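In order, the protein sequences belong to chains L and Z. Quick note: my numbering has the first sequence finishing at residue 152, numbered continuously throughout. Quick note: my numbering has the second sequence finishing at residue 170, numbered continuously throughout.
Treat the hints with care, since some could be wrong.
[Claimed, not checked] Mimicking DSBU-like on lysine-lysine, the simulated pairs with C-alpha atoms at most 30 angstroms apart in a straight line are:
#1 L:K15 - Z:K84
#2 L:K2 - L:K91
#3 Z:K133 - L:K71
#4 L:K2 - Z:K84
#5 L:K15 - L:K2
#6 L:K107 - L:K37
#7 L:K108 - L:K91
#8 L:K37 - L:K108
#9 L:K71 - L:K37
[Unchecked claim] Here are some of the chain Z residues that sit facing chain L, going by a computed Cβ distance under 10 angstroms:
#10 D68
#11 T83
#12 C103
#13 H105
#14 C108
#15 V109
#16 P142
Don't read these hints as lab results, they were simulated from the structure. Since the model is a prediction, treat every value here as computed from it, not as a measurement. Glycine included, C-beta positions come from ideal geometry on N, C-alpha and C.
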Amino acid sequence: MKWIQQDMMTYKEAKDYIDTAVIPLVPFQLSQGQELKKNAFQREVLNLFAGEIERDLAGRVLLIPEFTYLKTSDRQVEGERLSSWCEEIQKQPFNHIFFITFDPAWKKHEQALAGTLIWLPAMATDSMQTSETHQMIRGQAQEMGELIRSYW
Amino acid sequence: MSEKKQQVTRRQFLNYTLTGLGGFMAAGMLAPMVRMAIDPVLQESGAGDMANVGLAVEDITNEPQRVDWTITQVDGWYESEVTKSAWVFVNENDEIQAFSPICTHLGCVVSWEGSEEYPDQFFCPCHNGRYYKDGTNVPGTPPTAPLSVYEHSVENGMLYLGQPIPRGEA
Ligand code: FES
Chain L
1 MKWIQQDMMT
11 YKEAKDYIDT
21 AVIPLVPFQL
31 SQGQELKKNA
41 FQREVLNLFA
51 GEIERDLAGR
61 VLLIPEFTYL
71 KTSDRQVEGE
81 RLSSWCEEIQ
91 KQPFNHIFFI
101 TFDPAWKKHE
111 QALAGTLIWL
121 PAMATDSMQT
131 SETHQMIRGQ
141 AQEMGELIRS
151 YW
Chain Z
1 MSEKKQQVTR
11 RQFLNYTLTG
21 LGGFMAAGML
31 APMVRMAIDP
41 VLQESGAGDM
51 ANVGLAVEDI
61 TNEPQRVDWT
71 ITQVDGWYES
81 EVTKSAWVFV
91 NENDEIQAFS
101 PICTHLGCVV
111 SWEGSEEYPD
121 QFFCPCHNGR
131 YYKDGTNVPG
141 TPPTAPLSVY
151 EHSVENGMLY
161 LGQPIPRGEA
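So here's chain L without its partners, still in its complex pose (with noise of 0.2 angstroms):
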């Protein structure tokens, strides 16, 4: 399911039966030229795999809106803020929550973490419109679902 007004009706009716939250974790920056095409590039290509999850595994799974920060803040800073979000996500019956993220700054943090950090090598910027791209995303998507199906 998706933070929609559509979806969330479902799951007002159906809080038991979603335990799962997946939420992005998504750099945001303006200044650094050089990685600016690669950082939006990065983004799009996160909520593709979030949107494929969530489709694959939409009657259990919920996806959060992007938890978007600025890329030169301090990790921990943020962690807390990222911390605040999971405490109300859990005031629900939630038992599993999973991050998804390019952003390898998380890493060093993942202990302190209220789920799991699941962070995926950068992919070469490239153009989204390919049929290669959109089939490696895929495949890709259906592993991680197997990953998240593995803790249930």
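Given chain L's structure and the hints, the job is docking chain Z with the ligand onto it.
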């Protein structure tokens, strides 16, 4: 005193203006909705658009296989590429069957023989929902209705699929 009076007047003026603006905006939002509701011609048709899913009829066996294809979906002002999937096979009466993989419980994607414990069934990984090969939900598992069936047609030996049609509760 006169100053105060003027202030009130200005505030009133603003109030009127803003109320007017709000009303105008509401009208702007409602108009298309009303139009959608009363004019069937403007409603999104969807049905009737059959898509070539890239599967030759001669390649359809009695073992369900998954096909994926994309369509461009126009949702109001928003256009997006949507991936659709189906499980396709021929049944014992030699009829082509194309089922929607969307679990009728809460919408996960089911797989043919997705669980080793239940061969010859569709399996939903989310809450262990199951369906027989004909798409009927296995009683006692969470789904309460069979898998939806795609409208299908065959042209030049290729399979075309349209909209998934829900089947009644079983
Ligand atoms: S979504 Fe398929 S069993 Fe619940």
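Next item on the list: Please flag the earlier hints that this structure goes against, numbers listed from lowest up.
Entry: 3
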